[in-house]
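Can you build the whole structure from these sequences, using the hints too?
Those protein sequences? They're chains F and D, same order as listed.
Take the first sequence: its position 82, counting from 1, is numbered 82 in our numbering, and each next residue is one higher.
Take the second sequence: its position 368, counting from 1, is numbered 368 in our numbering, and each next residue is one higher.
Don't read these hints as lab results, they were simulated from the structure.
Keep in mind the model is a prediction, meaning the values are calculated, not measured.
Every residue, glycine too, gets a C-beta built ideally from N, C-alpha and C.
Treat the hints loosely; a few may be bogus.
Claimed, not checked - Just a few of them, taken from the derived set where beta-carbon distance is under 7 angstroms, the chain D residues facing chain F:
id, residue
1, I41
2, Q45
3, A238
4, T240
5, G249
To be verified - Restricting the straight-line Cα-Cα distance to at most 30 angstroms, the calculated cross-link-like pairs of lysine-lysine (DSSO-like) are:
id, chain 1, residue 1, chain 2, residue 2
6, D, K496, F, K50
7, D, K72, F, K50
8, D, K414, F, K50
Unchecked claim - What the simulated footprint calls covered on chain D by chain F, stretch by stretch (three residues with Cβ under 8 angstroms from a Cβ of chain F suffice, anywhere in the stretch; the number is not a length):
id, stretch
9, 74 to 82
10, 137 to 148
11, 226 to 237
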Amino acid sequence: MTGYILKRLVSAIPVLLGISVIVFLIMAMIPGDPATAILGSYATPENVEKLNRDLGLDQGLVPRYFIWLGNMLQGDFGRSFALNRPVLDEVLDRFGATLILAGTSFVLCSVLGIAAGVISAARQYGFADKAITFVVLLGISIPSFFLGMMMILIFAVQLRWFPVSGMWPIYGDRNLWVLMDHLAMPAFALAVVATGVIARLARSAMLEVLRQDFIRTARAKGVHERRVIWRHALRAAMVSIIPILGIQAGFVLSGAVYIEMVFQWPGVGRMLVDAILKRDILLVQGGVVFIAACYVLFNIMVDVAQALLDPRIKT
Amino acid sequence: MTFLTLTRRAVLAATAATALALSAGGAMAQTPENVLIVGQIAEPQALDPAAVTAVNDFRILMNIYDGLVRYKDGTLEPEPALATDWTISEDGTVYTFTLREGVTFHDGSAFDAEAVKFNFDRMLDEAHPYHDTGPFPLAFFFSSVESVDVIDPQTVSFTLSGPYAPFLSNLAYPTGLIVSPAAVMEHGADFGRNPSGTGAFTFGEWRSNEAVVVQANPDYWDGAPELETVVFRPITDANTRTAEMLAGGIDLMVEVPPVALSEFQGDAYTVHEQAGPHVWFLILNAKEGPFADVRVRQAANYAINKEAIVNDVLEGTAEVAAGPTPPAFAWAYNPDLEPYPYDPDRARALLAEAGAEGAELTFYVTEGGSGMLDPVAMGTAIQADLEAVGLDVTIETYEWNTFLGNVNPGLEGKADMAEMAWMTNDPDTLPFLALRTEAWPDKGGFNSGYYSNPEVDALLDAARVETDQAERARLYKEMQVIVQQDAPWVFVANWKQNAVTSDRVGGFTLQPSFFLLLDDVTKN
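Written out as structure tokens, the structure is:
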């Protein structure tokens, strides 16, 4: 197993190098440079040239890439132009916030999605199945940013149950309760679509398992139906559900961009959108590489989990 | 039936969790007394006035720092601030300032002539030991400054390379705000996150992406502010900002989207409006194509229904522009100028006269950008108006930075017209940078439509070196008449900045400078 994990980790290196080259080239090729973005109306060629020199952007592409890469390997991601602070500080701050949001959402959509899928499968074509299918399809079809806006209007502006936006109150204590208070709406809005997808796929995975012989055997020898479903069947179905969870984790992370904009959650998605609009090159590059590294790591973890669950996968 | 028990349990758990979350929400207090929460449009870049360029940052800076001069309340005319008095030499090249006595920076160090010299040398002198705390993108506002000399601790003089009339008003701009040299020396490149000035509020803390907090300065030379604390919250999404205002999470909101203004009718809110030094216009390519003919340019001015744009597209958040100079520059604005009326028949006649009926035009539109208001909707309305008089307009839309990269180098060979907007602090800036022959793109200016009129050039050159304000005003007024006649642009709108305050906020007014001044604001 250790060898398998090591092999997977080594294979991640070329992937990350490739990503660093691509994001560097994209930022170099898109029109508009940071100096123009900073100067706005005052971006005369003369001012732009001077500012680019001050920002260290007057060198060639190749030396710039290797300087960046070399610094990054030593843990120095550079300094954001637009925020005037080290890229790594900003990314870590922001990534923590995104992990809290996406992590909560992920737990929500996994638990709700699997539960809904299992109940649907156990009651195939029954009332519960139809009701769940209806709700799930509705959830999948509503764009998350629209749902977020509607939730703000109803639960924050009209009913005043939850705060509109942000992660922490402006004053007062910071504890788990106030965090949950701020987290409830964005985490739910972010989880809705993924819950639907997981529910649908968990349902079909369960249906497949429920038709198999060992389930009939279990029922025949008198195992309680609840135990048949939640122990025997679900455990077997998890092998096909876990890769779906892995994909949905990526989906929740990327969907966080919209939710972070709507709820002003101080996460990494909102950071990247702002940074791209301001042509904050180092922040975009550093942020993308960092996120890519997390994705790769997460995928490796999913593979390892699957290998542990399913002895058929060769390690 | 076995699942029902489980579901019931789940429902119970969910209900309990919801109830707990609600009780936490219910405990959410109203915003406290004497603490003003301001909904800003973005996270600031830095709180170093020499290093930043955005109005969003200026809104905070103006409350932490002072300049040598400031704009008189409700105007764009300089009045004494940290300098109590000044003299200008006969030839307009030496400005000598007498500094206010007994003023200290928030960090306790003294404000004196050495501090003033430090500030400008830091920005302008590449050999200065703290020049590396930049970059200073707007330092060119003071590029005419040759030297800053300390005469005595309370007197400082600026020697300019030539007479330059906008100098005082540039000093009142945020780039001219005075920072504490001791704090710059202590924090170096991190000064922008550890600011220290002489202003009405002292810096408290900056929680990234959440809030910048400032506290009242009880020793402020112009009288301690009424508020104890101001919290600036970055809320980039305009809909979310509106929702926060409606939910009571913020007390003051800037840049209300036009469509959201109707939400704030009634006694619970006050909507503030103030016309500012802003002009929204279309650059016309006067070098080639149909707009090389002045009659076609005038026709475009007649053909576009500007009333409809400001009232319907912008929901009354702007006024129709008459010429290149915004009315907010009251002293330099020519009040006799009437906007081009909406007159499609006249436009058709002029087009027929010029033989430009059915001409094909390429129109650059941006998706959004500083001061651009609602550029796509406005561009579409303009396209429809021009098509109604028989012009064939093709829109090309670009993201803001890409758009600037296309427009600033000049429209030649690419487009016939482009949207543009400017906000400036002096009536000199925009025409000087965008209407003179010497400001064509190949000479480093912003005259992307290649307008050229020697008379206008002469007037602008004369106005820039004229230190007598009445004479300067006369020159600008004459320039506006000629430019309106020549129609190098379609003059569309002057934006009125807006803000909303809750009924707990008092004493707030918007300034034509678009700065946010909070030292007289109260909150109960």
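Hint check results:
no., hint, in the structure
1, I41, "11 angstroms, violated"
2, Q45, "6 angstroms, holds"
3, A238, "11 angstroms, violated"
4, T240, "5 angstroms, holds"
5, G249, "5 angstroms, holds"
6, D:K496 x F:K50, "34 angstroms, violated"
7, D:K72 x F:K50, "34 angstroms, violated"
8, D:K414 x F:K50, "27 angstroms, holds"
9, 74 to 82, "violated (count 0)"
10, 137 to 148, "holds (count 3)"
11, 226 to 237, "holds (count 6)"
The structure shown violates the earlier hints numbered 1, 3, 6, 7, 9.
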